[in-house]
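Participant: Each chain is listed here by its residues.
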Amino acid sequence: MAKMKGAIVVNTERCKGCSLCVVACPLDIIALADKKVNRRGYRFVEQTNPDACTGCTSCAIVCPDGCITVYRKKMDN
Amino acid sequence: MENIISPENIVYQKPKLLNDTDMHYCPGCSHGVVHKLIAEVIEELGAEEKAVGVSPVGCAVFAYKYIDIDWQEAAHGRAPAIATAIKRLWPDHLVFTYQGDGDLACIGTAETIHALNRGENIAIIFINNAIYGMTGGQMAPTTLMGMKTATCPYGRQADLHGYPLKITEIAAQLEGTCYVTRQSVHSVAAIRKAKRAIRQAFENSINRRGSSLVEIVSTCSSGWKKTPVEANEWMTDKMFDFYHVGDLKNTVED
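Read top to bottom, the protein sequences are chains A and B. Going by this note's numbering, the residue at position 16 of the first sequence is 1306; the numbering climbs one at a time, nothing skipped. Going by this note's numbering, the residue at position 129 of the second sequence is 725; the numbering climbs one at a time, nothing skipped.
Since the hints were derived computationally from the structure, they do not count as laboratory data. Treat each hint with caution, since some may be false.
[Stated by the list, open to error] Taking lysine to any residue pairs in the SDA-like style, the calculated list, with each CA pair at most 20 angstroms apart, reads:
#  : chain 1 : residue 1 : chain 2 : residue 2
1  : B       : K610      : A       : D1366
2  : B       : K661      : A       : K1295
3  : A       : K1293     : B       : I600
4  : B       : K834      : A       : R1329
5  : A       : K1295     : B       : I606
6  : A       : K1325     : B       : K661
7  : A       : K1363     : B       : I606
8  : A       : K1363     : B       : K789
9  : A       : K1363     : B       : N599
10 : B       : K789      : A       : C1346
11 : B       : K610      : A       : K1325
12 : B       : K610      : A       : E1336
13 : A       : K1364     : B       : N599
14 : A       : K1293     : B       : K789
15 : B       : K610      : A       : K1293
16 : B       : K834      : A       : C1346
[Claimed, not checked] Derived CB-CB ranges, DEER-like:
#  : chain 1 : residue 1 : chain 2 : residue 2 : range
17 : B       : D618      : A       : P1340     : 47 to 53 angstroms
18 : B       : E771      : A       : D1324     : 45 to 51 angstroms
19 : A       : P1340     : B       : D616      : 33 to 39 angstroms
20 : A       : A1321     : B       : D833      : 21 to 27 angstroms
For clarity, every value in this text was computed on a predicted model and none was experimentally measured. Glycine residues also receive a C-beta, built at the ideal position from the N, C-alpha and C atoms.
All chains, please: the whole structure from these sequences, using the hints.
Facilitator: As C-alpha cells, this is what we get:
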C-alpha cells in the first residue's frame, strides 16, 4: 500500500520556541531542542522521530512565525 | 529522508509575501498567524499589486515591515478613516485595516463605527486579545469581567470599570456592513476557518460589496502572563463564553 512520508525543515533562527507546534503535532514527534538556542537566545524546536512524520502540515499551519516548511511524498512500498 | 526534502514535494511553506524580517511579536503571538493568513490570502487572490493595508498603533504597528504589499500607517485609531480615503481614490484596490482592540474598540471607536455604517468598501481585521499588549498589559475595553490586568489587579468590576464592549455585535447591526464574523486562530481547524473569513472579507472589498469586519479572538501570552500553550487554553475556556465564535452577519450570496 502506498504510504505518505513527510518531512519538516525548521528555520531554527526564526523559531521562538513557543511550542504551539509541539502541541499541534498529532504524532507527538516535535520537541524543544535540549540545551540549544539560536542566535536570539530562543530554544528552537526539532523533530524527535523524523521517520514517523506524515507531512500533515499541522505544525506549520499553527506556527506564528512561518518557520516550518513541510514536504510530503507518496512511497510505493 | 533526503529524497523527500526537495522542492517538488513542498506541501506547506511560509507565504512569499511574508518576508524574512524577524517579527517583533512575543513567542506564540496570534498576530503572527494572522499576518501569515493575510499574506496567503493576498497571494491566492493574486492581489499583490492591488492590496493596501492600513496598520494601527499597538503591537501590530510594524505590520508594514513584514508583509510585502503597500501599507499606510495611521494615527491611533484612525485606520478606517485612512482606508476610506484610499478605497475611494482607488476603487479597484483591496483595502484593509489591521487593528487591535485598543486601536479599534477604544480610541478609534468613532472611526470604526462610522466607516462601517457608511458601508465603505474596506475590510477590517480586528485582533481582540482583551488587553493592551504593547503598553504593558493594561485593561482594554474588551477585557472580560473579573479578568486581572495591570490596571485592574483585582479583576474587572462592573461598578468601577463598566462592561466589556462587543464591537462586532454592534457592527452586525449596522446597515453598511455586508460581512461580520468572529474567528480565532488557536487550532488548525480554527485557522482554516479564519483564513476563509479573511478571504471573503478581502473579496468583498475588491468587489465593493460593503464593509466587512473580521474579529479574531486572540491571545496575549505576555500580557496574560501565561505560556503560549496555556494562553490558548485560557482563551478557549474563558474568552469563547463571552465572545462567541461564528458568522454574525453575511448578506453576500455565494
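Participant: Return the numbers of the hints above that this structure violates; sort them in rising order.
Facilitator: Hint check: 1, 2, 4, 6, 8, 11, 14, 15, 16, 17, 18, 19 fail, others pass.
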